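Chains as they are written, first to last, in our numbering: chain H, 1 to 415; chain F, 1 to 428.
This list has only true hints and no planted wrong ones.
Quick list of in silico lysine-lysine cross-link-like pairs, DSS-like style, CA-CA up to 30 Å:
{"no.": "1", "chain 1": "F", "residue 1": "Lys400", "chain 2": "H", "residue 2": "Lys52"}
{"no.": "2", "chain 1": "F", "residue 1": "Lys307", "chain 2": "F", "residue 2": "Lys320"}
{"no.": "3", "chain 1": "F", "residue 1": "Lys296", "chain 2": "F", "residue 2": "Lys264"}
{"no.": "4", "chain 1": "F", "residue 1": "Lys307", "chain 2": "H", "residue 2": "Lys46"}
Keep in mind the hints are simulated off the structure, nothing from the lab.
Predicted model only: the values in this text are computed from it and were never measured.
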Amino acid sequence: MKKAIVSILLSTNIIFIIGCGDIGKPADTKVKGGEIVVNFSSKMMKDSLLQKGLIDKNQVVFGYKAYKIPYTTTDEHGDKVEVSGLFVIPTEVPTEISTLGFSMVSDDHGTIFANSDAPSVIASNSGTPDGASIILTSLGGFATLQPDYIGFGDSYKKHYHPFILKNSSASTTIDFIKAVKNFAYNNNILLNNQLFLTGYSEGGYVSMATLQKIEEEGELSVDMAIPMAGPYDVNLTAFGVLSSPTLSVPSFMANFAYAYAKAYDREVSTVLNEPYASKLPTLIDGSKRRELIDPELSYDTTGATGLFNPTFVNNFFQYSNFWFREAVVENSVSDWSPNTPVRLLHCQGDDVIPYAISQITEAKMQGMGAKDVKLIPVEKELRLDHNVTHGECGEYAYKLAIRIFSKIREEKFGY
Amino acid sequence: MRKIAILSIFTTSLIVAGGYKIPEQSLNSMALSGAYVAHTMDADSAYFNPANMVFLDSNRDMMEAGLTIVHLKENRFRGRQALSPTNIYDANGTSEVENKTIPYFHYISNPIGNLRWGMSLTVPAGLKKRWLVHPDRYTINTNEFENAYQELFAKEFSLKVTEFNPVISYKISDKFAIGGGIRVVYSEGEVYNDGNYVGVPIRREMQGNTIEYGYNLATTYRPLPDVNLAMTYRSNVNLNEKADSGDANLYIGNLGRQYSANVKIPLPASLNLAISKTWLDRFTLEFDYERTYWSKYKSLDFNYGSKIPSSLVEAFDNPKPKNWKDTDTFRLGATLKMENITYMLAYAKDETPVPKEYINYELPDSDANIYSVGVRIDISDTLSWGVAYLYDDKDSTTLKAGENRNGIIGKFSKGGAELFTTSLSYKF
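When you get a sec, could you build the whole thing from the sequences and use the hints?
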């Protein structure tokens with residue numbers, strides 16, 4: 001029919017050129033080994049940050065280009081898992097910086113429950129810059145590496161999230177650093193050999209686990225690690241939680257218990273009471289945010305109506321060779337002596353991960369011979385006139401971390 | 001989009017009547033401001049009242065071909081744009097002046113008993129509004145470019161419509177005839193939005209097209225030899241503009257992706273009731289009432305073939321309520337037929353379908369007064385030509401704070417159009 005109409009129209013011999021232009025074709029987002037998911041010019045970034053009152057007009061702001069990179073890592077059982085991460089680079093940088101290459105900051109994110117909050121998923125879904133990578137890349141000029149973790153991104157609904165489990169947490173980050181180096185090489189992105197590790201909350205724990213594994217393996221080298229507000233001493237954390245009558249955030253502990261049961265091949269129902277044990281697989285499968293999960297769980301730590309199975313809690317306190325006692329010791333990242341400079345950032349007003357955890361970690365590491373491990377209270381360093389909670393501390397801690405990283409980069413590269 | 005470019009030589013885009021309908025599609029209709037339904041005289045009867053085809057004097061084939069040059073004046077906006085209750089910005093703007101040329105063609109066959117058939121190729125609707133940022137129109141004090149907010153909402157919004165309308169009429173008696181036809185409507189829509197000048201780095205480029213169908217009906221009753229009563233109806237045609245992948249691009253920052261998309265826009269139904277009276281076979285007055293059923297246009301809802309980024313959903317995916325209202329248009333035309341020359345003069349009062357609550361930059365429409373004049377000269381028994389001029393004078397529209405759902409606060413002024421038509425008619 002369309003053809004017939006064309007011929008009828010043409011037969012009228014009325015020819016008046018009015019026409020319409022063709023629209024442009026967007027550049028292909030596929031690159032070797034990944035996909036461009038965000039691309040903002042420096043002007044767009046500056047306009048946006050100025051509009052939100054986050055910078056003053058004299059601040060130097062770089063463009064922001066983010067890639068989603070798929071890669072392979074291993075879980076707690078040593079099995080391969082297909083995962084993903086977000087790699088962000090600054091654009092429109094001065095020639096002297098681009099010729100020296102970008103310094104890398106591996107930034108491990110804090111606890112999330114919803115897959116939609118994973119770094120590469122946020123970037124892919126929204127197409128906009130988000131979170132700490134804005135500070136690290138557009139303001140700091142660093143290449144930022146953010147693994148989604150197992151259980152999120154490309155492994156969403158294919159694998160449970162190994163929450164506060166040392167081996168897979170470290171592998172996920174290390175394998176991403178290696179994947180990014182390979183990706184950058186294949187796509188002519190020049191990186192220098194300077195590598196920093198950081199992360200907040202769960203990310204603080206993951207970055208410390210990563211540093212420990214990197215030092216054990218000896219393949220990569222790290223210029224400095226700044227873990228922030230992480231539960232490094234898992235043993236101490238477990239004792240603290242299980243000895244309290246109530247849980248402030250039950251989803252954290254449920255996630256923790258579920259991951260450990262899966263990693264150590266235990267029935268979840270031997271750790272958690274019903275109905276919570278049965279509900280958990282769907283509650284924490286990555287489809288819900290924490291706000292929807294907490295109301296489905298008990299705020300009592302244990303007992304008939306509590307979250308944890310009373311037998312499990314009794315065994316934990318009674319037997320030093322109980323599997324969970326051994327597991328939390330095995331997964332602690334506080335009891336070793338790093339050779340790499342480490343700065344532990346923590347807010348003294350932290351209401352979720354006590355400041356004391358970092359104090360103990362610093363003391364243990366120094367006691368074991370670490371020469372350059374130092375705890376920095378964020379409020380004091382930034383001269384804040386009040387203590388800051390766990391939720392509020394992240395922004396301050398990142399600003400402080402970037403200041404420290406920038407100073408070290410300047411000492412090494414002059415910018 | 002390239003594949004349909006050949007069709008676009010017949011389509012054009014503009015807006016001269018209320019909404020985006022263009023009633024005037026011939027020399028006579030232009031000269032009479034559309035007061036041309038009961039007393040139609042030439043080949044354009046095929047379009048304006050096919051029932052009248054069987055009452056035409058000529059027993060020959062008839063045709064008319066013409067050109068209309070349209071000069072669309074700029075719309076001026078002086079005021080502010082609220083992006084949220086607390087974010088309100090200066091948003092002065094001036095839309096582009098548009099000059100377009102519209103062709104049309106009408107044909108009526110010689111009578112076959114009580115039957116007669118015909119066809120029309122017309123541009124029954126169109127819209128083109130462009131608010132472009134010009135780098136030289138920059139106010140240092142406010143750090144703003146003229147048209148910056150308008151570009152976000154309607155950098156370009158155009159609808160190009162061409163209709164092929166074969167019709168047939170049947171004379172039931174010397175006083176009564178009926179007619180009707182099929183509407184084959186080809187249209188192209190284009191939408192461009194760009195928020196870069198207001199610090200919102202999002203952009204949309206979309207071109208779609210479609211072929212849709214409708215019908216039209218007509219009847220004429222002549223109670224007296226010099227009095228015509230007529231009723232015509234053109235059905236609603238939903239223009240479901242479809243863009244293939246590659247013809248709908250969305251950008252966030254510098255990153256663009258291709259989507260397939262579609263958006264539905266109605267070409268509304270209209271009902272015309274008309275009466276004409278002729279004195280001494282020379283002077284005719286016609287009064288025409290037109291009801292246009294714009295209330296079909298409830299919302300502008302773009303649908304994409306795949307999920308779009310969440311940060312674009314509010315701007316480019318969520319339906320935009322329109323809630324247009326049905327309109328009334330009143331037209332009065334006078335025709336004086338001399339020996340070899342016909343003079344025409346008319347006035348029309350046109351109502352806008354766009355409520356103040358939902359007005360937007362893509363179509364800052366308002367009520368209008370329409371004035372027109374024209375002349376047709378017979379060169380021979382078979383050949384005539386003519387010219388017509390129409391002036392469309394739009395009212396200003398002032399929007400107070402909180403009155404408009406799109407956050408527009410200020411005054412739209414100017415606008416309107418001037419149209420010049422010339423045509424050639426031939427009987428053979």
